[in-house]
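Participant: So the sequences go chain by chain: Y and S. Under the numbering used here, the first residue of the first sequence carries the number 305, and numbering increases by one thereafter. Under the numbering used here, the first residue of the second sequence carries the number 1174, and numbering increases by one thereafter.
Note that these hints are calculated values from the structure, not bench results. None of the values given here were measured: they were computed from a predicted structure.
Capping the alpha-carbon separation at 30 Å, the derived lysine-lysine pairs in DSBU-like fashion look like this:
| hint | chain 1 | residue 1 | chain 2 | residue 2 |
| --- | --- | --- | --- | --- |
| 1 | Y | Lys-422 | S | Lys-1181 |
| 2 | Y | Lys-422 | S | Lys-1276 |
| 3 | S | Lys-1276 | S | Lys-1234 |
| 4 | Y | Lys-424 | S | Lys-1181 |
| 5 | Y | Lys-422 | S | Lys-1216 |
| 6 | Y | Lys-322 | S | Lys-1192 |
| 7 | S | Lys-1216 | Y | Lys-307 |
| 8 | Y | Lys-422 | S | Lys-1187 |
| 9 | S | Lys-1192 | Y | Lys-422 |
| 10 | Y | Lys-424 | S | Lys-1223 |
| 11 | S | Lys-1304 | Y | Lys-437 |
| 12 | Y | Lys-422 | S | Lys-1183 |
Between beta-carbon pairs, the in silico distance windows are:
| hint | chain 1 | residue 1 | chain 2 | residue 2 | range |
| --- | --- | --- | --- | --- | --- |
| 13 | S | Asp-1293 | Y | Ala-367 | 22 to 28 Å |
| 14 | S | Trp-1222 | Y | Ser-314 | 27 to 33 Å |
| 15 | S | Ala-1191 | Y | Gly-351 | 32 to 38 Å |
| 16 | Y | Asn-382 | S | Gly-1255 | 51 to 57 Å |
Far from chain Y, by Cβ distances over 10 Å, these chain S residues were calculated:
| hint | residue |
| --- | --- |
| 17 | Gly-1195 |
| 18 | Tyr-1218 |
| 19 | Trp-1222 |
| 20 | Lys-1234 |
| 21 | Asp-1245 |
| 22 | Asp-1251 |
| 23 | Asn-1274 |
| 24 | Tyr-1317 |
Just so you know, even glycine gets a beta-carbon here, dropped at the ideal spot from N, CA and C.
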Amino acid sequence: MVKWTDLERSTVRAVWEKVDIDEIGPQIWARVLIVYPWTERYFGSFGDIFTTTAILNNTKVAAHGKVVLEALDKAVKNMDNMKRMYAALSLLHFQKLEVDPDNFRLLADCITIAIACKLKSALTPQVQATWQKFLAAVVEAMSSQYY
Amino acid sequence: ITMSLSAKDKDIVKAFWAKVSGREQDIGSEAVARMLAVYPQTKTYFSHWKDLSPGSAPVRKHGGIVMAAVTDAVSKMDDLKGGLLKLSELHAFTLRVDPANFKILAHSLIVVLATVFSSDFTPEVHMAVDKFLTAVARALSEKYR
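Whole structure, please, built from the sequences with the hints as guidance.
Facilitator: In structure tokens:
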């Protein structure tokens, strides 16, 4: 289990406080689909996600971004129990959605970069280090039920 | 992963790099600072530096050198393999940097670009720059084995 210092906990919370899920969620998901286009394979039901313009205007993409950040919000509020908290979600992503867990890592990078655009210099190297440690724990928890 | 740069990718990178011009020193040193802070394993290559903290003299100097090389690579985009041959030999035979670290530095640089350019660092620019830095890493790895 990952150990968190008080400073790390408050750092993660401070970053998260600046994230407007409605604003950043759609941006993150657009980045995932545009920067890593093979992720389109998981979203057959989303309609047109084959050009940058289509992706940026797609309401299902935007909605999904919010869904994912709402799930991440749970981890921010419960940093000590991520594996247990995400067990069912991890199993879903493996058994039903059949998502390659390497994509969780790509998503984590897009989250960091979208937040970097928003927070700018407030995302200092030290804050980035803590934030990425947090996301790495989330990715590990989301990968934990694959067998 | 080799995904060749299309003409569009190259245009996007060149256009974006015009914005970077003049700020290479700050951006480069910030990228190196982040790499050392976020991926402490990279510190193992710099034990000869007195100070590894952000803003320190060795970090700033090295950041400038690295970013100048990346900017130079932008001008050599049509033949990265040929253009970065000497640098590849340096990294392979003298520096002996594990090539996995090229990806780490690329990510660190991308985060800096995001913090500096914010909404100008669009998903399209992000994708093209990510591809370009991957191609640079590939060219740097060329002489390793």
